[in-house]
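Here the protein sequences line up with chains A and B, keeping their order. Under the numbering used here, think of the first position of the first sequence as 10, with each following residue one higher. Under the numbering used here, think of the first position of the second sequence as 414, with each following residue one higher.
Rather than coming from a laboratory, the hints here were simulated on the basis of the structure. Heads up, a few of these hints could be off.
Covered stretches of chain B (in silico footprint by chain A; criterion: 3 or more residues with CB under 8 Å from a CB of chain A, positions within the stretch not fixed) [stated by the list, open to error]:
#, region
1, 539-553
2, 650-659
Pairwise CB distance ranges, derived in the manner of DEER restraints [as the list claims (entries may be wrong)]:
#, chain 1, residue 1, chain 2, residue 2, range
3, A, Asp-447, B, Met-414, 39 to 45 Å
4, B, Glu-661, A, Leu-336, 27 to 33 Å
5, A, Gly-487, B, Glu-597, 50 to 56 Å
To give a feel for the contact side, a few chain B residues facing chain A, derived at Cβ under 7 Å [what the hints assert, rightly or not]:
#, residue
6, Tyr-569
7, Phe-665
8, Gln-705
9, Gly-753
10, Gly-754
11, Gln-775
12, Ala-778
13, Val-786
14, Ser-789
Heads up, the beta-carbon is just placed ideally off N, CA and C, and yes, glycines get one too.
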Amino acid sequence: MRMPEPDGGIIARRAEIAAALRQIVPGEGVIDSEEERRPYESDGLTAYRNMPLLVVLPSTTEQVAAVLRYCRDNRIKVVPRGAGTSLSGGALPLADGIVLGMAKFNRILEVDFPNRCVVAQPGVTNLGITHAVQHAGFYYAPDPSSQIACTIGGNVAENSGGVHCLKYGLTTNNVLGIEFVTIDGETVRLGGKHLEAEGYDLLGVMVGSEGLLGVVTEVTVRILQKPPTARALLIGFPSSECAGNCVAAIIAAGIIPGGMEMMDKLAIHAAEDFVHVGYPRDVEALLIVEIDGPKPEVDHLIGCVEAIARQNQAASCRVSQSDEERLAFWAGRKAAFPAVGCISGDYYCVDGTIPRKRLSDVLRGMTELSAKYGLPVANVFHAGDGNLHPLILYDANKPGEVERAEAMGADILCLCVELGGVLTGEHGVGVEKRDLMDRMFNPVDLEHQMRLKCAFDPEGLLNPGKVFPQLHRCAELGRMHVHKGQTAFPDIPRF
Amino acid sequence: MTRFRPKDARELAELVAGAGAKGEALEVIAGGTKRGLGRPVETPHQLDVTAFAGIRSYEPEELVLTAGPATPMAEIARTLAAAQQVLPFEPGDWGPVYGAPAGRQTLGGVLVCNIAGPRRPRQGSARDHLLGFHAVSGRGEVFKSGGRVIKNVTGYDLSKLMCGSFGTLAVLTEVTVKVLPAPEATRTLVLRGLDDARAVQAMTRALNGAQDVSGAAHLPAEFGARTLLRLEGPAPSVEARAEALRRELTEFAVAEVLSDAAAMAPWRDLADLNAFAAEPSRALWRVSVAPQAGPAIAAAARKLEGRYLYDWGGGLLWIAVADARDSGAAVLRGALGEAGGHATLIRASESQRAEIPIFEPQPPALAALGQRVKESFDPARILNPGRMYREL
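So here's chain B without its partners, still in its complex pose (with noise of 0.2 Å):
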């Protein structure tokens, strides 16, 4: 096993160039909190993108900022926070649930995993604020896609096909990503008793209603039995729509309110999966679904004694599955139905991520279009190969 460590985009082009040419694989590291994440890759080689880190520049004004992707998620925040502004799609730190040390996940890993948090309903995901890219490709090519703008329609939009790539098609070199201000105060209210599908029914209300929420998620009997609503903007903003919101709820339960710094704890809890980080012999599902089918899914998970929790308005469920033989990926694959929507086994064994798909098996006209995908971008499957499904 070698471990390459380029300086600068064209050693990494030579190297890669060089590596496709002898048809030897590459595992890509930056931070290295994430390689749990996927199928196992076994490559003769690692790639270490440590170096193309730091911010390169920060314009709050206007709402732009390009850094190297092994630029530390704890750099970025510390630095938006000193003008008060965040990464509005919320991208919790994974590393944790994946035994790494909280802090080192990197821009680019939350970027090319397509991480975000429980304001993702409103706000998007990772995908929807990366503004463009350098990279250099599998073909050991030096490319650059986007630009430094928020709006910009010019060409193929490459930025989306990086975000959820897993690596796999190309190695970021810098990347660019619109921020926001940051929200100047924060109430969060809690719902209390509530089962799944009263649960699902309040979430709906209130995002169905005029207060704009931005975070609805629901924690089962066994976290407490807990449901969550957001308010977030300025202060005389918020403190009127908590109480009109509470108001509209009764019918569910009479809510507590939560001020400030109280009420981003559970939010910063959710998007850090902090529930699930200490057990990690479990392996550990999220699952997609259009909101209201969150309840089905979750009585599938009940059958497999998973623990669960909402967030996305229902739309999303973290379940961790004690060992069991696929770790649930037939029950759980099986609850999706017709209604569509996918599960992604997010943390599991060595040996269940060889053999478990990690990602929703597609149909084949799918797939195949994946394949091509994969092959304009790195026609000797070099760059990670396998980490999201096996053609790929």
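The shape of chain A in the complex, shown without the other chains (with noise of 0.2 Å):
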């Protein structure tokens, strides 16, 4: 992975820079031996190893303020990191740059069930943010995979999703305010506990930034109550074109399940392997559709379900009779990652989304794929809103099998964009598809991205490498492309 050349100038001045850090966040804050950085060379996109300069780990926004001024003033760049459970490489190191780890942040500031919203340091898990609020009858809606370990700050940075997005949305939709610490080290508070901004809308903005325009130091979301009731359906097609059909056929009976998932035939083998649960290994693809919501709702619509999913060739169609039940449905949707895991050793996450309607074509492209790269794919799928998880299964210890199955994914992606898709859902850009970002965008296109970038870090100090294929000088981008003393379409008359 190609990433910014890294600066001699800084790296020299490593103890230097250690021993000014720490006059700002004293002690253990600053980590300046080997050993101690190892920890925080990748992410959860393991096969991307860099070690930081140094780790600074702040507890008060003030610090985290003093800490920016001082990069930028001494331009050393700042990659900021929560857990580390980046997909993408989201907090790749660099090794002419810090880390700046969040994981200080670690309390919930006020809980407020009148307003219905939860104040909370970045660094608090996404799941602990429910356990707040679950006496109560509350929880936070959006549920990536990792969220017993992610933070709340990282989950604003990448924006990210979970199972229930269709009906509960994003991260986008659930967050109310934060404050931030910008590279000029200025505290800026977006949003809080009322809705809208009173300007631009900077907050959405912030939000799904990847850290590469601010220093999260604050997050205020609003919570849901829980659903009463929550019901599934665990239903068996003889083929994905059948069960693609199934979905689509219960969006335009105008219902929208709190989470559709599906499985392929690999999928599911592995899952059920793996954890035991029932599904059926005769099926081609299995879906589990989840309706949440008041209990005569739920039970009403788990019929309409029911009846669609025979109109549409079901094999099989079991309903839960109770929440164990239930939970055993997704027990092997939630371990399918573990569980393919276990059968190839290595495994590939790749995350797209496409328009529903090109699943079967999607799917016939990956299958050519596999036979082309060798590598056999196991698919699981946000069914309701097209966000698509191939696993390509490979050897790390084979020779080339690494490469070969990052190029495989790089065509899968590719292929979502052909399709009318986009190349990442939730587990956003980093480093994993920067250099994808010209099949989806033109250079134009890209060039109103970066100057946004300008306007929040006109030096390129934070997390660069990461989103962008190529790092412009912004004051490049800001000029105006005049051609010997023209604009573009001279031809057309102008006032």
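Fit the two chains together into the complex; they arrive one by one in their own frames, and the hints show the way.
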């Protein structure tokens, strides 16, 4: 992975920089030994590793501001990090940059039930928010599969999703406000316990900005009343086309399930071998449909979905009769990744989105790619919103397989874009999909995004080397393109 | 005053680039219903974008619709209704509040003003439904962002930035929005006679309960002292939930339950601001606060002898103030206090709009950031300059 050329001058000043940062974050807040820096050398995308210059663990907003100001003044790059669970390399360190770890920001600051929100520090885990409010029947809706470990600050950076996005939205739809610090060390508050921005929706821009615009130091999220009832259906189909048609028919009937997940045969078998919950082995595709809400609604809609499944050639259909049974339906899906890991040793999780109607096209294309690269692929799919997670099986001990798996993953993502979809549904661009950005955006599109980056971080010190395939100087991006004294389209009459 | 009417994105880009080169500002207009919203814009030219109209594609099973931004909302609503779908954020028709005829508002206007109705707390706003767009920025360049799928985190979410930018960053040429199935049935509970504090308590009880309330509004005494709570969903569900909610709220009042058309009417009235269309001389404020802070804002409104009503469970107040020197800006913005929130002057006379900050004044660091964002899209400040803040 090509990263920005490290600045030897900065690396040579490591001891001096460590000493200066200790003035801001005393004691163990600055990590400089090789042994202690090692755990930070990669995130959830473990194929890429890089030792950071230093790791800094501030515990107050003032410290964050002072660290950023120091880094700006000394032109030191900064890689913000939450729990390091990113699957796209969003927190991959730089040899000439510090990792700014937010783990010490781990407190819930306020639980406000009357206003239905929680104010938390960014290092609180996603599940930690639900734990703080579940005694009163509330929960925080977005549920990325890493929710036990990933932090709310990381969720804001990546605009994390989960299996309930279609009905309850992504992080961006559930965050009411943030406090963040700019690279200039200015503390800015956006939103709060109220709705909507008073000026430009910079909160909407910050969410999903992958640590390139600022460092989040506080988050206010909305919490929801946990649906009183949830029931699930486990539906087997003779083909993925039938399963796809069933999904379309459910939505056409006006039903928005809380979750709707599809698995292909390889994933079904891997999951069943792993957790033994009674998934049918003789079907080509399996659909888990969860309906949540008030009991009368759930009972009514479960019947509707069951009828739709029958009309779409369902080979089997089980309706959960208890919460234990519902959780058993989910157990296989939730264990799909480790289950696939069991059969192959290594797997590479891809994350793209397609218009749902193109499902059979993308599955056909993946079968061809699987043959071309000689690597099997198991598919799990957030069927409601078109977000695919193909798992490419490979063996890292075999020479060249890692590279083949990555190349195949890139081909799958390009296929998603060709079919009208996008490069990433919830894992982010990071370093992983950075060099594919030009498959989706032309240079002018990307320049409009990069100029927004310049508005926040004109020196490009925050998380450089992520998201954008090329680094441009802001002054160069700001220039209007005037050729020989004329703007574009000289043939059209002007004012 | 020249009125330009580009036919396609190429012509539009050329016009904007030409205006930028000369430093001549453009007022961007489609339906023209909300020209009274924002600071008065004085530009040598108008940019009429009505050519960018029409539904380009609509796939009900995919829950997405792509259209030209100048497509009238009436056409969007009609098309969606034929497939039993809606724009879930329930945007109202603000035209009549500004004296424009009903039904002329466009999709693009709704999006760039980030309009949302009573379903906002549950379903989000316009900003939560714009999935992607094509546009011409103030630099005169054609660009796109986002996509045509529901779940997408590829690159910065510029759709959020376009919503609520009031045409100051770019001119939209095509938009893709997320749609949802229309609720099959609706019930509205009406609780009569509650004062503001009790009404907010009742709304909080309902919103924090298990019945999945999709609208919570309070109309004080002068509008009939009614507290409204809405339930939507399949028919058997709303029936049962309405009865359950009625029982849960008996300590506040014995609720009357409205069905179907009668149940939907008050929400349409709220979204369309019908209570305020009749008195165009009154300044109209939209105040967004934490729901529990609603009554404190209402107390400030009473000091101004304002007429007001609550939506969003107490978190949104619409306040109409008779012509005062600053239309009540100091009193209302003073009442926001530490709890935060913002007050927007939605309607006022042209002279007041030139003097009173229309949007909530921002702290210096935030204002400076906003200016740099404006500059990144529109360095020559030619698109609706000064419409939001003087400096933008």
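Hints and how they fare:
| no. | hint | result |
| --- | --- | --- |
| 1 | 539-553 | holds (count 5) |
| 2 | 650-659 | holds (count 5) |
| 3 | Asp-447/A <-> Met-414/B: 39 to 45 Å | 42 Å, holds |
| 4 | Glu-661/B <-> Leu-336/A: 27 to 33 Å | 29 Å, holds |
| 5 | Gly-487/A <-> Glu-597/B: 50 to 56 Å | 52 Å, holds |
| 6 | Tyr-569 | 5 Å, holds |
| 7 | Phe-665 | 16 Å, violated |
| 8 | Gln-705 | 5 Å, holds |
| 9 | Gly-753 | 4 Å, holds |
| 10 | Gly-754 | 4 Å, holds |
| 11 | Gln-775 | 6 Å, holds |
| 12 | Ala-778 | 4 Å, holds |
| 13 | Val-786 | 5 Å, holds |
| 14 | Ser-789 | 4 Å, holds |
Consistency with the previously given hints fails for number 7 only.
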